[in-house]
Amino acid sequence: MAKLKLAIYWSASCGGCDVAILDTNEKILQVAEIADIVFWPIALDFKRHHVEAMPDKDIDICLFNGAVRTSEQEEIAKLLRAKSKTMVAFGSCAHLGGIPGLSNFSNRAQAFERAYVESQSCDNPDKVFPQTMTNVAEGELELPEWWDTVKALNQVVDVEYYIPGCPPTVPIISQLVDALAAGNLPPVGTVFGSDKALCEECPRTKEEKTIDKIYRPHEIIPDPEKCLLEQGIICIGPATRGGCEARCIKANMPCRGCFGPPPGVTDQGAKMVSAIASILGLENEKDLSAEYVESLMNQVKDPAGTFYRFGLPTAMINRKRI
Amino acid sequence: MKKITIDPFTRLEGHGRIDIFLDDEGNVANAYLRIPEFRGFEKFCEGRPVEELPRITTRICGVCPSAHHMASAKAVDAVFHVEPPSAAKKVRELYYSAHMCHSHIAHFYVLAAPDFVLGPTADPAERNLLGLIAKVGLETGMEVIKHRAYAQDIQAVIGGKATHSVCGLPGGVSKAITEDERRDFEEKSKSMVEFSKLSLKIFDDVVLKNKDYVDLVLSDMYTLKSYYMGLVDANNKVNFYEGDVRVVDSEGKEFAKFKPADYLDYIAEHVEPWTYLKFPFLKKIGWKGLVEGKDSGVYRVAPLARLNAADGMATPLAQAEYERMYQTLGGKPVHHTLAMHWARLIELQYAAERLLELCQDPEITDPNVRTIPTATPDDGIGIIEAPRGTLIHHYQTDEHGMVKKVNLIVATGNNNAAMCMSIKKVAQALIQKGKEATEGILNMIEMAYRAYDPCIACATHSLPGQLPLEVVIYNAKGKEVKRLSQYLS
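Protein chains in written order, with the working numbering: chain A, 1405 to 1726; chain B, 370 to 858.
Since the hints were made in silico from the structure, they are not lab data. Computed from a predicted model, the values in this text were never measured in an experiment. The C-beta atom is built at its ideal place from N, Cα and C for all residues, glycine as well. Since no wrong hints were added, every one of them can be taken at face value.
Here are the computed lysine-lysine pairs in the DSBU-like style, where the Cα-Cα straight-line distance is at most 30 Å:
{"hint": "1", "chain 1": "A", "residue 1": "Lys1705", "chain 2": "B", "residue 2": "Lys458"}
{"hint": "2", "chain 1": "A", "residue 1": "Lys1531", "chain 2": "B", "residue 2": "Lys657"}
{"hint": "3", "chain 1": "B", "residue 1": "Lys458", "chain 2": "A", "residue 2": "Lys1654"}
{"hint": "4", "chain 1": "B", "residue 1": "Lys504", "chain 2": "A", "residue 2": "Lys1431"}
{"hint": "5", "chain 1": "A", "residue 1": "Lys1531", "chain 2": "B", "residue 2": "Lys652"}
{"hint": "6", "chain 1": "B", "residue 1": "Lys773", "chain 2": "A", "residue 2": "Lys1617"}
Have a look at the derived ranges for each label pair, beta carbon to beta carbon:
{"hint": "7", "chain 1": "A", "residue 1": "Thr1594", "chain 2": "B", "residue 2": "Met771", "range": "32 to 42 Å"}
{"hint": "8", "chain 1": "A", "residue 1": "Tyr1696", "chain 2": "B", "residue 2": "Glu452", "range": "31 to 41 Å"}
{"hint": "9", "chain 1": "A", "residue 1": "Glu1629", "chain 2": "B", "residue 2": "Pro685", "range": "34 to 44 Å"}
{"hint": "10", "chain 1": "A", "residue 1": "Thr1594", "chain 2": "B", "residue 2": "Thr807", "range": "45 to 55 Å"}
{"hint": "11", "chain 1": "A", "residue 1": "Asp1616", "chain 2": "B", "residue 2": "Ile654", "range": "52 to 62 Å"}
{"hint": "12", "chain 1": "A", "residue 1": "Asp1530", "chain 2": "B", "residue 2": "Leu507", "range": "56 to 66 Å"}
Generate the whole structure from the sequences, applying the supplied hints.
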């Protein structure tokens, strides 16, 4: 079999996805056996004109990590799409928008104001902001434009597969590599990982009980053997795809949903609202007062920023109107 | 003088770029370092419950997430006025010592060593980790990989994940260390102490025994006089996890020593329109532009700065190496930017020794690792030493602990002004009228900035030991005359 041509690209990301690829250790040698890595900005000289010069669909598979939020990132996503047979949204940011997607609660002007003027340590009485074009004594210098809104990869180009996780786990990256090696890719649209909710693989015991008090993680020392939600700690497990090996839960901390919604669930937050209504015993009770229901639900702090921690850009309501 | 770069809590997108402008004579008029992104964490952390920030701010950097996790954990302790139990602080420091080992190993072997072992002007195709392994031998190469993995394993066991850990929360850590885990960590730490010795020996053999390299380290173009900043313990020894912030001047005299909570009295940030990255400076001296010396508020952070700002190391092997470095380089402080690599390995030795000490601490497996906060949350500051220097997280909340304001001064930001000056200095020394700007010159310029291990150049972002960096040279009319890239094949 001819070697595959593989491209790896990072967009608005933290670099953790690239570290995840490095952390596969021996798997990376298998990758080198089945594929030539033709682009990888952290490792190779990625030049746009090199890609532009390639025939369309010349790259077999492109692993794209990071969200999209500058004009330049969108152009490169479109270019790589045109040149790649298969596009993979790699990691939570490309898959769902990721933590940078929380930017959709505000806009560029507000973000700049906070970072460059209101910051406690800033000494900026003239309110100077970074500019897309600046004339310096010697010439002009340009910066890419920063958008108001963060987008997931499939909001910019068509995507065939999704590798969830912040960062993706080694076994899930290995699943993809094995599928590539065997020439046996799953149906288009597949999100790797489990096809069940995280709760179904959680090692903690569940008693199917209801509660009336919500605790924030620092307010209680949870029993390490029991369901966190049933101890009153908001855990996004019911609204999250499994396959992560319950890494955070095993460290005695609640899930924050980085694998995105499980199959059959379109909106992670809506699913989480119903899970919380259920654990608070509100589902089948018709005679509860609106005030009582509200007082229970109000115990959940920052529901939007918690339920959509990794997926605001791909939620049904995906940004705040400003 | 002006330049453009980016907040290091933003990430490098694609290429970093240095723009060099020449004057009519063909000499360097000015040099600009630019990295074109901004990430906006200060704004979007607003409105979140503050106890969630240790799990959100890790995403500032996927390469040094544990530094943000710990600075954030300390800031949320302060917001809630809560003191974690003694064992919890030790668990955090153990976890963090492992992170320092991981980061310093990755930086030295993957990013820095290829320059020294293979030579600064070697073929870029060989000037990488694989080329390095070919030169030092596969056995040493495997030791490097093994010990980086050990450090990652320790972080993963304590933090749930090595990248984007979740263990830190107000009042402590989410779970205690078991005796089985402790024994495993202890074995790995012993091995790490030995590996650190080996690393210093390699540095000795390769760099210190080679006169050309020593001359390069001591050369004017790689020398910059500035203030130095770092955390110190009660005995003024280097500490990564906690202590006071100490600043010394370019003659090594203590200029300031302050509690993390007082940072705003000492540090301010300057803004320029042509860069996303702010310029921190010493407030009491003021921003005087990109200039060296005692009258300028420019200071440096990271390994060499930490050693300069302290009176020594708290562990015996590291202390001996510390003394040897200053004896060799002519006393304190050392202004030679490339000595940062030596300082980094001395810190690796300290981190490994400290890791082992903590693994053998009888309290380390104490199950009491949480204090439940009871005070009303308001305002809190957490400062730690990230691998790349002093890192400050400052949070303000309402009475329910919902975030109102976040300020972040990250390690690489502190070095912004110094990196600009270091780059310009090397460019001016090497690019002169009538001299051809070559690939080798590009790498020599890059070495000035790589020494700082800027977050944008994290080792794991540069697998073969190179940054995705491009240098463009313009003549006096603003016309591009030369473009050099690390990766032109």
